[in-house]
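Here the protein sequences come in this chain order: A and B. Residues 386 to 752 (the working numbering) are what the first sequence spells out, left to right. Residues 256 to 982 (the working numbering) are what the second sequence spells out, left to right.
Keep in mind that the hints were calculated from the coordinates and are not lab data. You may find that some hints are simply not true.
As the list claims (entries may be wrong) - Residues on chain A that point at chain B, a partial pick, calculated with CB under 10 Å:
hint, residue
1, A399
2, P616
3, G631
4, R639
5, R646
6, S652
7, I657
8, A675
9, K677
10, G680
11, L701
Because the structure is a prediction, the values reported are computed rather than measured. The beta-carbon is built from N, C-alpha and C at its ideal position, and this holds for glycine as well.
If you want the building blocks of each chain, they are given just below.
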Amino acid sequence: MSTLLSRLFSRRQAATVPPMDGVLRPNEALDELSAIGSIAAPDNLVAAKGKVFFSSGSDLYFLDRPGNKISAEPFDRFSAEITALDASPEGALAVGVDGTGIRIVGGAHDGVVLDVFDTQPVNCVTALAFSGEDELFVCLGSGHNSAPDWQRDLMEKRSSGSLWQVGLKDKKARKLAGNLAFPNGILVRGDKLVVAESWNHRLLSLRIDGEKHAQAFTLADLPGYPGRLAPAANGGAWLSVFAPRGQLTEFVLREDTYRNRMLRELSSEHWIAPTLRAGKAFTEPMQGGAVKVHGVHKAWAPTRSYGLLILLDSNLTPTHSFHSRADGKRHGIVSACELDGDVFIASRGNDVLCTMPVPHSGMEGTS
Amino acid sequence: MNESAANAATEAGNVASADPKGSTGEALVRFRYKWIPTHIFGELLSKPWIDNIVPATILLLVVAYFGSTVPNFFLHGNVMDGTRQIGELGFVVIGMMFVVVGGGIDLSVGSNFALGNILALALTNVFGLPVPVVFVAVVATCSFIGLINGILVGYFKLRAFLTTLVMLIGLRALVDTILLKYALTISAGYYDDDFWYFIGDGSVLGMPTSLALFLVMAVAMHMVLSRTRLGWHIMAVGGSRRSAHNAGISLNRTVCISYVICGSFVGVSAFFYAARLGNGGSYPGVGLEVLALTAVIVGGISLGGGRGSVVKAVIGTMIVQIISLGVVQAGLLSGAGQLVLGLILLAAIGFNVRWVKNQDKVLSRVYMSPTYFDLPAAPSTAQEADSPYASNDRLGDVEVIGLDQVDGAEDIVFDSSDNLFCGDRRGNIMRFDAPDYDTGRVFAHIGGHPLGMAVDDKDRIVVCVGGMGLYRVDQSANVEKLTDETNRSLFAIIDDSRLRLTDDCDIAPDGRIFFSEATIRFDMSSWPSDALESRASGRIVCYDPKRDITRTVARGLTFPNGITLSFDGQSILFAESWACRISRYWIEGPKAGKIERVVENLPGYPDNINRASDGTYWLALMGMRSPALDLALRVPGFRKRMSQEISNDEWLYPNLNTGCIVRFTEDGQIIESLWDKSGENHPMITSMREHKGRLYIGGIFNNRIGSLKLKSGDPNWTGPASYWGKA
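Looking at chain A on its own, in the form it has when it is part of the complex:
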């Protein structure tokens, strides 16, 4: 009887996402922060030699006198959008540029350009991490799509990203892992690497010799898509979760007919897909709970964009979370970095940079 019924009525599992609970309980912490200023599409915050660098499109900026009265000063300009950035201990910068590869600026290897690993062209550089002055770890998010086209990569259900170890002296590259679902953040911890695998909503832990670590999934089943990882002074890390998971998105991901037609026939701002900032136009898809009643947009409304920054302790366990909910104005947290007791946060969805003091480790929640 029940088998007959299930065949008749297609009893698929309901499309669900993990709840934001425990440490991840929602708050308005991000919306309460003071803004440094509005900058178009801020991204790639990196602390180097007492300075904070960040990108905005193809421009590289640094923040002058961080901590006091802060202003953004231009530093360099590249031929295309900057998709990843990291700084070595001595202050050399590795810059991932969309479509052209990786360029080293400053330091011993100034001017080095990495555009081919083995035979694979360096495309879709999503994260970079120096290990000393001569070694660089590189995440290539996808073998099919460029980094700005991450929505398409998700909706095509790609799993073609890879992780590389590159010696800057000999420009030799070694592939540490392949078939990753959009590796989008990387952190070097001694002889281990932690990689954020966005489309699988988890953090992977790998030995640098390339063999997968026994406890491979450090943090799994996150309620959003994890992105950049930045070292924190407490020995842990800042994890930027750049977009939320949603029931409708999860549902569309298993509806192949609709999804393929959507990718083919609609322009990307009209897709049912997570985004850095939803609600810019009334032609975007809207969900039931987001109908305004009495002019109020409910904080709990289903949303395709969200603001979430998580502080992990030295065991990579979340201890604090900072949110901007459906009705908030700090969505699309793509990057964060810590310098001298302050955290700098880039809300790319709302084109704003903001900052806050690092919370004491003993503190519960956020405040």
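Following the hints, put chain B in place on chain A, whose structure we already have.
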């Protein structure tokens, strides 16, 4: 972004030129949703009679089995004998059904039957009374036994099972005592009466007398149970005693009556049995209670009470009787018949429990049935576009009236003294006094959710109340129901006579009121389900106050919403929200009764339409289309699964957070549009009404009314003047 949009456009253009109607796959989908009406399954499943299907199938199987295995099963004599017994048993089963539906049980039917049988034989054979007197006496006696049961169970609140068990034993002892003394007298007597033979062995129209009378009684009892106050009371008491009590039904009396009915039917059955066999032995009626209960349960009547019908009782009777006879005729031992019946009983109980538990779950999964709906690409609303729909901020400086005093003013209307009236989610009609409209007060309370409104020639407000029907409020705030039902469609499966979602109305010069009902498939709170379905299940209804009749004048419309009378009074313009179009329905003249399209492919979902001062019309777009939803309309399976697999709040909706106001001419030319892109002052728009040079704006999810000074509006123009020539 512009570049990518342009690319997408060329890409879409390429696809279109290669295959203008889309792929063959889509053609199949279109065909499937046009010709295979799957929504009927859900509608069938929502009918109360649908659970008859299972016992009816069992009956057919039983007939087919015995018909093919037992020789001479369909022989005339055999059929007559079987159906005569079906008639007799049927009376008992109907009686038992009344008790069971009322939440009780009557085990004494067998003994009561035996008593009736012996009484009938005694009155005929010994006393030689006329047949009608015998009939009345037997039925009265058995009813009296039922009355005793009813008083004990209904008024003294004794347990039905034990009470009737005691009655079973006691009556059986009584019958045996009578037989011990008078068996010989009764058997020795002789009663020669043609009418008595006719009752026992005769036939009417080729049917045995008992069966003929049984069928007549079955129809009558069906009427009693499903159409009368008594029947409804019994159902209500059986379904939920507490609710029935709270609704003011007398439990004691209703339960008692159900036992009396049962007793009287047992009497009728005993009367026929006595006439047929003249059996003065002691076995008549032994085990009859088990047979009757089996028939009731196999027919699908719930032992828990509150669910059952005469049809089920009839089907159950036939199954039980055919099996009992068939097993004997198939040459099996008579005990085998009991065994087969027992097994069927077990299966029936098991199925009934599962059915009652799961029917609603299955219904909720299959009821929603999205259909294929193809809209052309929406016209551009981009700010820089050369289009009358180009978005702007002309509504940006809307003034706000009644902030936090109203809740969900879907429509607004003015009387001839300039006072403003609007509906309210709490079921009120609110009034804001001219000229400053600063304080609202509850003018009248109706209930439901008052939606579209119109003012008639006597300054009364005619209002469509969602969930209730069409109402009228006069200037002294007296509320009067005009209509809440219309004629039922001939082929509709669901009962579409009740009005569920009356939406907007307008009044013709002759006083007829035309109003829209958005959908007949869903209640007001389930409008998102109707939006997901995009099925043409709405209609336009006309109420004629002179003759006080209501008639549906147009069917098969996709969420008909706003209605307004054209300036010449010859036609009404109406909006079909999910179809994004405006149509005209001719009410007078040579084209009366015809529908014409006026505006098609709007960029949003149209709501109310109202007259403008310069001979054009205002139209509210309550929300805007999104390409993702437009695409989903062409993939019905996607929407169906979405409704099943994610929660309602996560569903893809029409975007109701941004709307606009559009003005169009009599022949459907769009002249201009008014937008509030930021949505700060007036978040959503479902209606607008021009009055003395200002435009007043309502929104069903808003806590305010908007007011905007029009640049080109006639400062003296009012709605009542335009309609009724009043100053």
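Open item on the list: Given L701/A as an interface hint, is its Cβ closer than 10 Å to any Cβ of chain B?
Closed with: The hint is violated - L701/A has no Cβ within 10 Å of chain B, the shortest such distance being about 31 Å.
Task: Status of the P616/A interface restraint (C-beta, 10 Å, chain B) - done: 35 Å, violated
Open item on the list: Using the nearest Cβ pair, does K677/A come within less than 10 Å of chain B?
Closed with: 5 Å, holds
Open item on the list: Min Cβ distance, A675/A to chain B: is it shorter than 10 Å?
Closed with: 7 Å, holds
- [ ] So, A399/A near chain B? Judge it on the closest CB pair being under 10 Å.
- [x] Constraint on A399/A satisfied, holds at 5 Å.
Open item on the list: Can you verify the interface hint for G631/A: is its Cβ closer than 10 Å to any Cβ in chain B?
Closed with: This interface hint holds because 7 Å falls under the 10 Å limit.
TODO: Would you settle whether the hint for R646/A is holds or violated, based on the nearest Cβ-Cβ distance to chain B being less than 10 Å?
DONE: OK, holds: R646/A within 10 Å of chain B, min 6 Å.
Task: Restraint check, 10 Å cut-off on beta carbons, for G680/A near chain B - done: Since the shortest Cβ distance to chain B is 4 Å, the answer is holds.
Open item on the list: Is the interface hint satisfied for S652/A? The criterion is a beta-carbon contact with chain B at less than 10 Å.
Closed with: 4 Å, holds
TODO: For the hint on R639/A, just tell me whether its beta-carbon gets within less than 10 Å of chain B.
DONE: Status holds, d = 9 Å.
Open item on the list: Using the nearest Cβ pair, does I657/A come within less than 10 Å of chain B?
Closed with: 5 Å, holds
Taken one by one, the earlier hints fail for this structure at numbers 2, 11, listed in ascending order.
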